[in-house]
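Colleague: Turn these sequences into a full structure, and let the hints guide you.
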Amino acid sequence: MTTATKSSPAVNGSANGSHDPAEPVWAAWSTLSAKALADLDAAHGWSLNAEELAAIQAFFKKLKREPSHAEIETLAQTWSEHCKHKTFTSAILYKEGRVTKRFKNLLKETIKEPTRKLKKTWCLSVFEDNAGIIALDKKWALAFKVETHNHPCAVEPYGGAETGVGGVIRDVLGAGLGAKPVMNTDVFCFCPPDYEGELPEGTLHPRRTMMSVVDGVRDYGNRMGIPTAAGAIWFDEAYKTNPLVFVGTVGLMPKSAVKKSVQPGDLIVAVGGRTGRDGLHGATFSSASIDDNTSTSAVQVGHAIVEKRLLDALLNARDKGLYRGLTDCGAGGFSSAIGEMAALSGRSGGARVRLESARLKTTDLSPWEIWVSESQERMVLAVPPKNLKALEAVFELEGSGVRVLGEFTNTGRLEVSFEEETLVDLELKFLHDGLPTRERTARFDLPSKSSPKRVKRSSDRMKVAEILHWSLGNLNVCSREWVIRQYDHEVLGGTVIKPLHGLHHDAPGDAPVWWPGAVTGEVDNFRGFSVGHGLNPEYGKLDPYAMALCAVDEALGNLACVGADPTKAALLDNFCWGDVDDPAQLGGLVRAALGCRDAALGFQTPFISGKDSLYNVFTDAKGRKHSIPGTLLISAIAPVHDIRKAVTMDFKAPNNPIFLVGATGEDFGGSLYEQWKRTPQGSVPLPDLKKAKKTLWTLSAAIQKGLALSAHNLSEGGLAVAAAEMSFAGEVSAHLDLDGVQRSNDVLDNVSILFSESPSRFLVEVSAENEKAFVKAMRGVSNCRIGSTIANPVLRVTALDGRRLIEESLHALKRSWQAPLPRMLDGDTAADGRNA
Amino acid sequence: MTAAAKPARPQKAAAAGRSTAAVPTTIIEVASRHGSTDAAGEATLRQLPMLGITGVREVRVSAVYEIAGKYGASQINQIARELLADPITQEYRVEKSTPSPAFLIGPHHRIEVWLKSTVSDPVGESTQNAITALGLSEPVRVRTGRAYHLIGRLTKGQVETVLNKLVSNPVIHTTKVTQR
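Chains A and B supply the protein sequences, listed in that same order.
The working numbering puts the first residue of the first sequence at 1, with every later residue one more than the last.
The working numbering puts the first residue of the second sequence at 1, with every later residue one more than the last.
Worth flagging that the hints you see were computed from the coordinates, not collected in a lab.
Each statement offered as a hint is correct.
In the DSSO-like style, the derived pairs of lysine-lysine whose C-alpha atoms are separated by at most 27 angstroms in a straight line are:
| # | chain 1 | residue 1 | chain 2 | residue 2 |
| --- | --- | --- | --- | --- |
| 1 | A | 705 | A | 691 |
| 2 | A | 429 | A | 611 |
| 3 | A | 101 | A | 119 |
| 4 | A | 108 | A | 611 |
| 5 | B | 116 | A | 308 |
| 6 | B | 116 | A | 361 |
| 7 | A | 255 | A | 645 |
| 8 | A | 101 | A | 541 |
| 9 | A | 361 | B | 70 |
| 10 | A | 691 | A | 541 |
| 11 | A | 104 | A | 429 |
| 12 | B | 165 | A | 625 |
| 13 | A | 541 | A | 86 |
| 14 | A | 104 | A | 117 |
| 15 | A | 622 | B | 165 |
Only a predicted model underlies this, so the values are computations on that prediction, with no experimental measurement involved.
Modeller: Take a look at the structure:
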């Protein structure tokens, strides 16, 4: 230990500029009471809890010295919920009804468990890098990562969304030795944009939030030249103070670039943008809940051009083999990035950092600010000294900056200095493993199992038409074209199946298909990949376990019906939860995690990466806490063996048989129909995993054989909505006979068949000559022919008793589906009738 | 390229201001010519009825650049003409110069929205680099903003609404409202 405790001015305060909220008495840290430590924590925004503060105090007492400001900052960043996922990896005592279960490490025993058990050889890197990596074919691999940027987007939606996209792109760039980002995907949860209720002081109106988030995703993705081709939006008033913004990127890399390493003696090289005061405390900020006085120093604006240069230079350097390892500077900045890489260096790990070498935006930064600043567009490389000159030349060519900040060591210590002063001298062991853990308690009360009363549902023709139009115009179903059209989904030229399908490219696709040949130059290689999402917080309100099962089912189902191979699919989880210090909310999270485990085992589909964003809570001026509904996003990625066989969801031609694949049950819990009726009473659908897996795998195989002309996953609004969407997409309609639908014994009426939301169901159009082959291919899976496509632009449905139940023009159905977002976001009531 | 040039030692004095007080600043404003589409203006106008504001008949949006550095009038004109304005669709004016037709828009409210000095300004950074690339000396600083001109009837309260609910976020912006 050198001089960290001696009163060097930059460390101890006097030269720190005006940005320290309160100058602490660093020299007396060991004598501070728990209360004083907590006050200090609040003043500095570290988000450390009492146990953690006490552990740090005890650690330095044992060393017989005081910590430096930079050391506390380093610990706060590294131990933040954002970086360490301490809730998810903690021990939990979980009570569900009368059953009690003890988890030593929730993440390990739920999400990671199936991956360990399934041992898929095509999973090349799981849970250890910045992104999960799977094999695409013999030569290429795919890196996939989805993360959230919720807190920044609540405060400054445009900058928050931009830096979110920039961050996840760097995650993929920093996976292995770096993957080329080829597709972005974005999923949002917002309060409806036409919300007219009250909003707490300081909260932006949901319309403004939504428009600015879309602007941010658009500007960053488009400027980087990466197509934004997949996504979803969910609307619920519960997100009015805490919008959720999930951003994802798929990267393509040679298999040889999957593994990274760091060796003692490698230079620590910072590349990309300069370091400024922006985004101080982002990691600790995102681990805390938002209140009226949320500080603004955590907000920043992205600079896509700087990142694009970094990307181009980096991939060039990768192909020349100029560095051994890398990671991106995300939350915690240099402190987290170098701290993480230091752990990989040699047997004991270690790094020696000289911060005075960093490239700065302004000269008035304190050394600790340089260390934890979260300025965007920066990455850290481990470079063998002999390669430095060549690396500088590559980055020079792109006008991107290179600075050597020190070297990796094998001392087991993280040593950081600024000129003559030592700022940090910490054992890596304490930094990475010293976080005190405590057992948390979680509780989930199962919903009472009163069997739902049999309800007689009206089969009145007018009523059914009204429900259908209402469902199509429901915010969680209606057209997302207003958003999608702002994104460049064509750039790079590999988007084979685009986000919008149909004759006019304006209908809802299930999943995009992307062809890597567009960027690799292997024009004879027709292998591609697809990305699908599953999300339904409405189910989670009733049962988080069912939500998890349905989300996996939906994500994989979306992949299956474009012709991707679900047997080689991999999953990502993104948990966004409220106040997990509340045992009931933590209980919901545990139950959803158990659902993820069971679904992954059931579908034999491993998780490869994931992320969680907790404490999505808003505390209003009166001190009341508003938590978001527990929200789970499942993202799935799978190879498409031959992109030429991929199918879209629009009906292709008249007089083709239409099949309903999968069985229909009485599944109305959390459904659109129940929202329409406003009398929730049904139970949440629970996919039969064995049957669901067989259905998906068999259907996908049939599609890959070229036996289907179009296929669509049934989700919100069930059969009626899917049939309407496929019809107006292709301007080829359908005549369906409900009597042909295979259904469970409790499904008795027309409305049940039309609007039930039973999972794992698909509508498939098959050519007349392939009908027999399709039926043969689908053997063993519930499927039935329920009608044919027709030329007349009118959706027709015949009721169980033979009378005509639905006779609606495609024009009118499409208008109901297209109108809501343009009306709410642009005041555009003329959206009616556009090319319908 | 390691640590050849040591950056200046952090100074408290520097933190207080932007340490460029003595450097002259010039504001250049770039607007669409009359007859050219002003997409940002139209998009802003479309949002107003949803905020309950119906008296505004036109919104014109211009880009504003605050350039700190010692430049002569001809250099400032060069920056505006060759770098910032598209000569086909846009016009520019340098602060206090005689306005060209695009800037003669009758009575209006003008709302200027600037990024706070503590927020990074990517467009400003790019502009700074581009000015250097023109062969001129590097500016000390370039900050960027937008000026919204609301033409039509507006109450004071409505101007506040536009300011707070549409064009600025107090977290990252500073604003200035004038009536002409």
